[in-house]
Amino acid sequence: MNLLWLQSAGCGGCTMSLLNAEGPDLITTLEAAGIQLLWHPSLSEQTGSEVLTLLNALVAGEIALDILCVEGSMLRGPNGTGRFHVMGGTDVPMIDWVQQLAARARYTVAVGTCAAYGGISAAGANITEATGLQYEGEISGGLLGDEYRSDAGERVINVAGCPTHPNWVTEALIELALGEFSAERVDEFGRPRNYADHLVHHGCSRNEFYEYKASAEQPGDQGCMMENMGCLGTQAHADCNIRPWNGEGSCTRGGYACINCTAPEFEEPRRSFTETPKVAGIPVGLPTDMPKAWFVALASLSKAATPERLKRNATSENLIYPPTIHPHKKG
Amino acid sequence: MSRILVGPFNRVEGDLEVSLDIAGTQVRSAQVNSPLFRGFEQILQGKPALDALVYTPRICGICSVSQSVASAWALADAMQLTPPPNGDRCISLVLANENLADLLTHFYLFFMPDFAREVYCNESWFGPVQQRFKAIQGDAAREVLPARAEFLHMMGLLAGKWPHSLSIQPGGTAKPVQAQERLRLLAILAGFRRFLETRLFGADLDFISALDSEAALRNFADQGDWRSSDLRTFIYLSDQLQLETLGNGCDNFMSYGSYRIEGTRQFSPGVRRRGGPVQSLDSALIREDLSHSWMLQGGQPQHPSNGVTEPSLDNPDGYSWCKAPRLGGEVVETGALARQFINGHPLVVDLVERSGGNVRNRMLARLLELALVVPMMQRWVKEIDLKGVFCHHGRLPDVASGVGMMEAARGSLGHWVSVRGGRIENYQVIAPTTWNFSPRDHNGVPGALEQALAGTPVRAGEQEPVAVQHIVRSFDPCMVCTVH
Numbered sequence: 001m002n003l004l005w006l007q008s009a010g011c012g013g014c015t016m017s018l019l020n021a022e023g024p025d026l027i028t029t030l031e032a033a034g035i036q037l038l039w040h041p042s043l044s045e046q047t048g049s050e051v052l053t054l055l056n057a058l059v060a061g062e063i064a065l066d067i068l069c070v071e072g073s074m075l076r077g078p079n080g081t082g083r084f085h086v087m088g089g090t091d092v093p094m095i096d097w098v099q100q101l102a103a104r105a106r107y108t109v110a111v112g113t114c115a116a117y118g119g120i121s122a123a124g125a126n127i128t129e130a131t132g133l134q135y136e137g138e139i140s141g142g143l144l145g146d147e148y149r150s151d152a153g154e155r156v157i158n159v160a161g162c163p164t165h166p167n168w169v170t171e172a173l174i175e176l177a178l179g180e181f182s183a184e185r186v187d188e189f190g191r192p193r194n195y196a197d198h199l200v201h202h203g204c205s206r207n208e209f210y211e212y213k214a215s216a217e218q219p220g221d222q223g224c225m226m227e228n229m230g231c232l233g234t235q236a237h238a239d240c241n242i243r244p245w246n247g248e249g250s251c252t253r254g255g256y257a258c259i260n261c262t263a264p265e266f267e268e269p270r271r272s273f274t275e276t277p278k279v280a281g282i283p284v285g286l287p288t289d290m291p292k293a294w295f296v297a298l299a300s301l302s303k304a305a306t307p308e309r310l311k312r313n314a315t316s317e318n319l320i321y322p323p324t325i326h327p328h329k330k331g
Numbered sequence: 332m333s334r335i336l337v338g339p340f341n342r343v344e345g346d347l348e349v350s351l352d353i354a355g356t357q358v359r360s361a362q363v364n365s366p367l368f369r370g371f372e373q374i375l376q377g378k379p380a381l382d383a384l385v386y387t388p389r390i391c392g393i394c395s396v397s398q399s400v401a402s403a404w405a406l407a408d409a410m411q412l413t414p415p416p417n418g419d420r421c422i423s424l425v426l427a428n429e430n431l432a433d434l435l436t437h438f439y440l441f442f443m444p445d446f447a448r449e450v451y452c453n454e455s456w457f458g459p460v461q462q463r464f465k466a467i468q469g470d471a472a473r474e475v476l477p478a479r480a481e482f483l484h485m486m487g488l489l490a491g492k493w494p495h496s497l498s499i500q501p502g503g504t505a506k507p508v509q510a511q512e513r514l515r516l517l518a519i520l521a522g523f524r525r526f527l528e529t530r531l532f533g534a535d536l537d538f539i540s541a542l543d544s545e546a547a548l549r550n551f552a553d554q555g556d557w558r559s560s561d562l563r564t565f566i567y568l569s570d571q572l573q574l575e576t577l578g579n580g581c582d583n584f585m586s587y588g589s590y591r592i593e594g595t596r597q598f599s600p601g602v603r604r605r606g607g608p609v610q611s612l613d614s615a616l617i618r619e620d621l622s623h624s625w626m627l628q629g630g631q632p633q634h635p636s637n638g639v640t641e642p643s644l645d646n647p648d649g650y651s652w653c654k655a656p657r658l659g660g661e662v663v664e665t666g667a668l669a670r671q672f673i674n675g676h677p678l679v680v681d682l683v684e685r686s687g688g689n690v691r692n693r694m695l696a697r698l699l700e701l702a703l704v705v706p707m708m709q710r711w712v713k714e715i716d717l718k719g720v721f722c723h724h725g726r727l728p729d730v731a732s733g734v735g736m737m738e739a740a741r742g743s744l745g746h747w748v749s750v751r752g753g754r755i756e757n758y759q760v761i762a763p764t765t766w767n768f769s770p771r772d773h774n775g776v777p778g779a780l781e782q783a784l785a786g787t788p789v790r791a792g793e794q795e796p797v798a799v800q801h802i803v804r805s806f807d808p809c810m811v812c813t814v815h
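Sequence lines, in order, name chains G and W. Residues 1 to 331 (my numbering) are what the first sequence spells out, left to right. Residues 332 to 815 (my numbering) are what the second sequence spells out, left to right.
Bear in mind the hints are in silico, worked out from the structure with no lab data behind them. Worth double-checking, as some hints may not be accurate.
[What the hints assert, rightly or not] Computed spacing ranges between beta-carbons, pair by pair:
#1 W:Gly594 / G:Ala57: 52 to 60 Å
#2 G:Glu171 / W:Gly377: 35 to 43 Å
#3 G:Gly141 / W:Arg334: 38 to 46 Å
#4 G:Lys330 / W:Pro706: 48 to 56 Å
A virtual CB, placed ideally from N, CA and C, is assigned to each residue, including glycine.
Taking the hints into account, I'd like the entire structure generated from these sequences.
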């Protein structure tokens, strides 16, 4: 299968993350899946006119475009002209290139939350009129429109994340290459269920602190970050703590809150990212699928039952109270 | 005279377009266009001040930690907060991890593949170079990607993930290091060091770091076959193609200084005007000129603490979204070469005194930094005090301002923030490639790359002159940072 990768209004971080693919490395992974990179801005030899020749052949249908990957949001500004990103060497706005190529693609993949929903580039007043390929925030539409279907009859596949985990991308590509993709393999926001059917909370190394509502109070504390530090891990759809990042990491393991970066509109939390809003001392925003009354009841009960070990460790950088050892009773 | 437009100019971070006026067999003049504008400085206005730590790393996926550090330092300046010794070491480790991964990625994936282009197919050295460095297909990429990924496991331990971490805080790091993690860091560094010594250098890092002149470097190169290490291959190609004659720049060098440990920057800051001595840097002399930028016109060039970013395509002289920063009215070059020249490394000082800034010397300075910094990282890990604190805490005053100036892999990065009522009133960023790839200023003086491209040889019939590609990539541009 042929794959073309384009970058627009993003940071390139999803590509940088993709290069972290391991076991096997990215080049081997693509080769094994039978995917041929027609062009990737960071990796390919071709530059300038060599690229334009390829792009024109793809638009003309002379070369098959099996997978179109787009990284970065689509800039429609200023005033609908798209001139906030004119592709180098072409005098043609990137949104025009993407529309022409998406019309030819068998599958279109938005890599990262920017390309999927607008993401960080759409934050604030959004003076660049940034949008995702087929979503503008939570609203279906975006650059290509709600009616868009790729040549294979599919909506845009949204491998959302800021950045994306390398495996989220490679698994989506392998699924396409194997011919095993279907609309049931993505959730309501178009995210592959391979990773989006989990919550960041699953496998969080701070789970024991969560169970007893033993909470961190400032950066570096070991406790649960939901009550005070703005953590959205109990609501965020991703498997970051089941299969970690860069070997052994994740946001929560790195000492900071999950900011729900796989979700549309995560870029505008309407509060500080790292402070939990509260009403009458109770955090706003419940764990997914948890009835409010039960959560409040269980939280107050578990808070009352918090072991001393967790209470003390929760607000400390260092482990000051290791788990107690209970020898077998002899005789 | 003819004009050619090179774009999309790839194997740089982000999109780039270079317009070349050709006279005979040479580039007469060049214009560099950063064709993407995202508007981070507008996005940040009105946000809770500490949320800058979420937004600013996302300016760039390749210099993400550098943006985090500049932002954290600007906020720390506003909060009058200093990290504890452990915090300094952990931040320097994370920063060095990103910077060295960048230097490696640039050499193997962005820069070297140009020597495997068909234009060189009749050269005697082409076969082995193509085998090793051909884009995507070469042997080197398959060795480098796993080595890079494994090296970046340090991010998993110290920053949660890369890119886009929130562990870097104004008062230190939110990720305290545990005993077993400290040992793991030492193991990862030892593995990476071995890769560098066996594949890249063909020598011990301490030996490479101690090279003190071009003569010493040549002596090292002559002691082995040119194919015996990637550094020797680069030196050989450099001699064959006379890369020291390509891309001579303004030779004004600037560095903000890098890797701050307990108040001291391990690579010292400073500025040097062509042919002159290294002097202390007066950041009050920085101005951003908008005369050839797609920005609203009218005002005088501003210091970034008062900087304004109002995009507008109405400027008839505009040809880039990039502003034109100047230091005391002058163009400066920034990056590894400038950093090690300012830092006084004897090899780089000798190289620059002999042939100035050029394609070869920029690359050699990057490779030298790989050798210099890994042993520093090993020392910082050993110095982590497991019982000590990792983060200090403070409050942001309602009205405050701050500056964060540091060195990314590509050179000098600065953030200037002002805060009112706990929210960001103004935020300005000047990135390394903003300096290097700036357009002309109101005096018509071209930016550093534009100067370096003048006089570049062009072969008959070339659409994308290969020498131009060597020169552009020798700056390791990051276009997403440039305009942001």
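### Message
Taking 38 to 46 Å as the stated bounds, is the beta-carbon spacing between Gly141 of chain G and Arg334 of chain W within them?
### Response
Holds, since Gly141 of chain G and Arg334 of chain W (Cβ atoms, about 40 Å apart) stay within the stated range.
### Query
Given a hinted range of 52 to 60 Å, is it respected by the beta-carbon distance of Gly594 of chain W and Ala57 of chain G?
Hint holds: Cβ distance 58 Å, inside 52 to 60 Å.
### Task
Given the hint of 35 to 43 Å, check if Glu171 of chain G and Gly377 of chain W actually sit that far apart at their C-beta atoms.
holds, 38 Å
### Message
48 to 56 Å was suggested as the range; check whether the CB atoms of Lys330 of chain G and Pro706 of chain W agree with it.
### Response
holds, 52 Å
Of the hints listed earlier, there is not a single one the structure fails to meet.
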